[in-house]
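Residues per chain, in single letters:
2 protein chains.
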Amino acid sequence: MQKKEFSVTPWDVKGEVDYERLVKEFGISKIDGKLLNRIKKHTKELHPMLRRGIFFAHRDLNWILDEYEKGNKFFLYTGCGPSGPIHLGHLGTWLFTKWLQDVFDVELWFQFTDDEKFLFKEKSFDEIEKWTHENILDVVALGFKPEKTHFLIDTKHAGLMYPIAIQFAKKINFSTIRAVFGLENDANIGQIFYTSMQAVPAVVPSVLKKKNIPCLIPLAIDQDPHFRIARDVYPKLGYYKPAIIHSLFMPSMSGPKGKMSSSEEHTAILTTDKEKEVENKIKRYAFSGGRDTIEEHRKLGGNPDVDVSFQYLRFLFEPSDEKLEKIEKDYRSGKMLTSELKKITIEKINAFLKEHQKKREKARKEIEKFIYKNSS
Amino acid sequence: MQKKEFSVTPWDVKGEVDYERLVKEFGISKIDGKLLNRIKKHTKELHPMLRRGIFFAHRDLNWILDEYEKGNKFFLYTGCGPSGPIHLGHLGTWLFTKWLQDVFDVELWFQFTDDEKFLFKEKSFDEIEKWTHENILDVVALGFKPEKTHFLIDTKHAGLMYPIAIQFAKKINFSTIRAVFGLENDANIGQIFYTSMQAVPAVVPSVLKKKNIPCLIPLAIDQDPHFRIARDVYPKLGYYKPAIIHSLFMPSMSGPKGKMSSSEEHTAILTTDKEKEVENKIKRYAFSGGRDTIEEHRKLGGNPDVDVSFQYLRFLFEPSDEKLEKIEKDYRSGKMLTSELKKITIEKINAFLKEHQKKREKARKEIEKFIYKNSS
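Residue numbers (this note's numbering), protein chains in the order written: chain U, 1 to 376; chain Y, 1 to 376.
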């Protein structure tokens with residue numbers, strides 16, 4: 001049995017990701033039918049990303065529900081690393097987080113890790129600041145409740161965050177960072193420290209309210225390692241370990257495995273793309289599961305499992321399972337051609353982006369409502 | 001030629017310090033007569049710690065004077081690591097810094113490195129905070145000009161400092177930290193990061209005023225390694241390298257070499273000690289250069305070079321060179337006994353502490369004038 005080579009860190013996803021192996025290596029649990037049913041008791045409907053196994057794994061989600069059922073509400077914590085424009089691959093976690101906020105009616109702390117991106121990218125801080133501002137517009141546009149949503153920007157909120165971060169830092173040594181992330185002696189000392197800053201928002205509400213509040217972190221699975229380290233530390237500081245719910249990566253344009261990345265900016269679909277750009281990108285770059293000729297396709301059928309256009313529908317743009325199944329069936333049977341599938345996807349994306357771009361413009365006036373006002 | 005073993009890091013001074021070797025290893029310059037004369041041109045008198053070679057080495061002090069002579073004033077930056085009570089050993093650098101502030105009429109930025117002490121000591125943050133408050137009282141009591149003095153407390157001013165610190169952190173890797181401080185893989189990630197925070201105050205005025213302002217850092221030589229690393233980074237970020245003026249360590253009670261340390265709290269003379277405590281400590285613990293019997297002492301004389309009471313006079317408490325020389329001569333000849341020398345030292349220390357303790361009480365109401373008001 002040949003072991004496929006891949007690696008997943010918060011900064012780099014290489015090769016074809018074997019999620020089963022990640023689950024084992026990270027020591028996380030798959031979300032099973034029983035857990036889905038338990039969630040459904042509270043949410044009535046399950047979000048498509050749960051039904052479809054896109055949010056597929058977790059840590060301590062049963063505990064979060066135990067506490068919730070006892071009347072002890074959790075808060076949500078997720079984030080954004082601002083180093084470039086937002087593309088469709090970013091949206092899944094955030095849209096799912098918005099759903100969680102709505103159905104559970106909970107607070108959300110949203111972290112913009114501008115320090116991380118500055119420390120890990122060959123970019124100036126000015127450039128990172130520009131992207132922080134741009135990315136904030138996209139996040140606001142998604143419709144989080146302003147009265148229950150608090151943005152933390154690491155450098156802007158360092159007065160609040162750094163004193164908490166050093167509490168974590170004191171209990172994490174370089175051996176651990178090296179083992180988990182593969183950082184070596186040539187890593188800069190900000191990169192080495194950074195995990196402490198990402199640990200912080202999971203306790204900020206507890207620090208501010210001086211009581212222990214459960215935290216649930218929706219994230220793409222590449223962000224898990226920070227918390228794998230930090231989860232050992234939370235109880236030592238008197239806090240609950242945050243629970244986590246993990247998603248697969250939204251596929252890149254070039255194929256179904258791996259992760260859509262800002263290093264493919266020219267092919268990734270950005271939230272600011274015009275209709276025509278979306279059309280061109282999908283038509284030219286979206287990896288197809290179809291056959292080489294129409295004749296072959298009609299005869300043998302396409303493969304939706306590797307077809308990026310289909311996967312975009314599955315991940316984000318076709319909430320109806322019925323419709324999705326019909327598309328899948330028709331594509332697999334050869335009844336639906338790649339060009340037809342791409343047309344559906346292009347329309348869906350453009351319909352979403354048209355609304356998103358309007359909200360994104362409106363967001364310019366709403367930012368201040370979301371940024372946490374640090375009293376200290 | 002046998003190499004004596006000693007080590008000097010900002011957290012630990014071990015063995016008998018060979019300052020000549022430190023000068024070579026650190027790559028710093030001795031202060032010579034020519035440089036003293038140049039300083040004297042501006043200060044009229046030389047501070048006793050300069051005349052007596054206690055501030056004995058430097059980096060780029062001639063450049064600081066070049067700039068000063070061109071009308072480009074420097075500012076001073078020094079600090080305090082708050083992990084215990086202030087003892088006499090701490091005061092030298094600060095009293096010298098006060099003199100520099102007075103004679104050059106310059107701004108002072110004073111850093112309280114509470115993060116450092118939390119990260120390097122087995123102490124809770126609450127305890128460190130207590131000491132920060134206590135130590136601030138001592139620093140205020142020394143009489144710095146409030147309108148020209150700005151205290152930075154690392155955790156309180158992290159909103160200002162952390163965003164600057166990551167600029168340094170990005171350009172320092174773990175190999176350098178390991179080589180300079182001997183930190184290994186078991187070091188916590190806050191310790192590894194910390195040098196970036198200590199680098200910051202040397203550019204804070206430049207950042208705030210958006211222009212490059214020369215900086216002079218008076219410090220005991222054990223603090224040099226942070227700046228040896230950071231000085232390579234300042235120009236990369238567009239700042240001047242700060243100049244440094246280095247002092248010897250105030251001797252500990254147990255002997256003339258090494259450094260007075262808070263780990264000998266029971267013998268170190270604290271700024272809060274009562275008259276009687278000072279008397280007891282000097283009488284019982286101050287290492288003597290005298291002979292075993294009065295007869296021997298009268299005949300052979302004492303050794304002021306290793307006598308801790310004499311060294312305290314030389315470092316801090318006898319500003320008159322004439323009087324100090326007379327004491328030295330009398331002690332060396334055997335005319336002055338250890339008990340007589342100790343009596344002089346006890347009186348001098350108690351006279352100083354009586355005033356200091358009054359000012360220290362008054363300081364409780366003055367703290368706020370000194371703490372930098374972070375506009376952000």
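Warning: the hint list may mix true and false statements.
Any copy will do: because identical chains look the same in the list, a pair fits if it lies in one copy or spans two.
Claimed, not checked - In silico DSSO-like cross-links for lysine-lysine, where the CA-CA straight-line distance does not exceed 30 Å:
1) Lys171 - Lys362
2) Lys44 - Lys343
3) Lys148 - Lys209
4) Lys354 - Lys274
5) Lys354 - Lys73
No wet-lab data here; the hints were simulated from the structure. Everything numeric in this text was worked out from a predicted model, so none of it was measured.
Tested hints:
1. Lys171 - Lys362: Neither way: Lys171 and Lys362 sit 43 Å apart in one copy and 39 Å across, limit 30 Å.
2. Lys44 - Lys343: Classified as neither; 33 Å inside a copy, 85 Å across copies.
3. Lys148 - Lys209: within (15 Å within a copy, 37 Å between copies)
4. Lys354 - Lys274: within (9 Å within a copy, 76 Å between copies)
5. Lys354 - Lys73: Neither: 35 Å inside a copy, 57 Å across copies.
Checked against the numbered hints above, the structure violates hints 1, 2 and 5; every other hint is satisfied.
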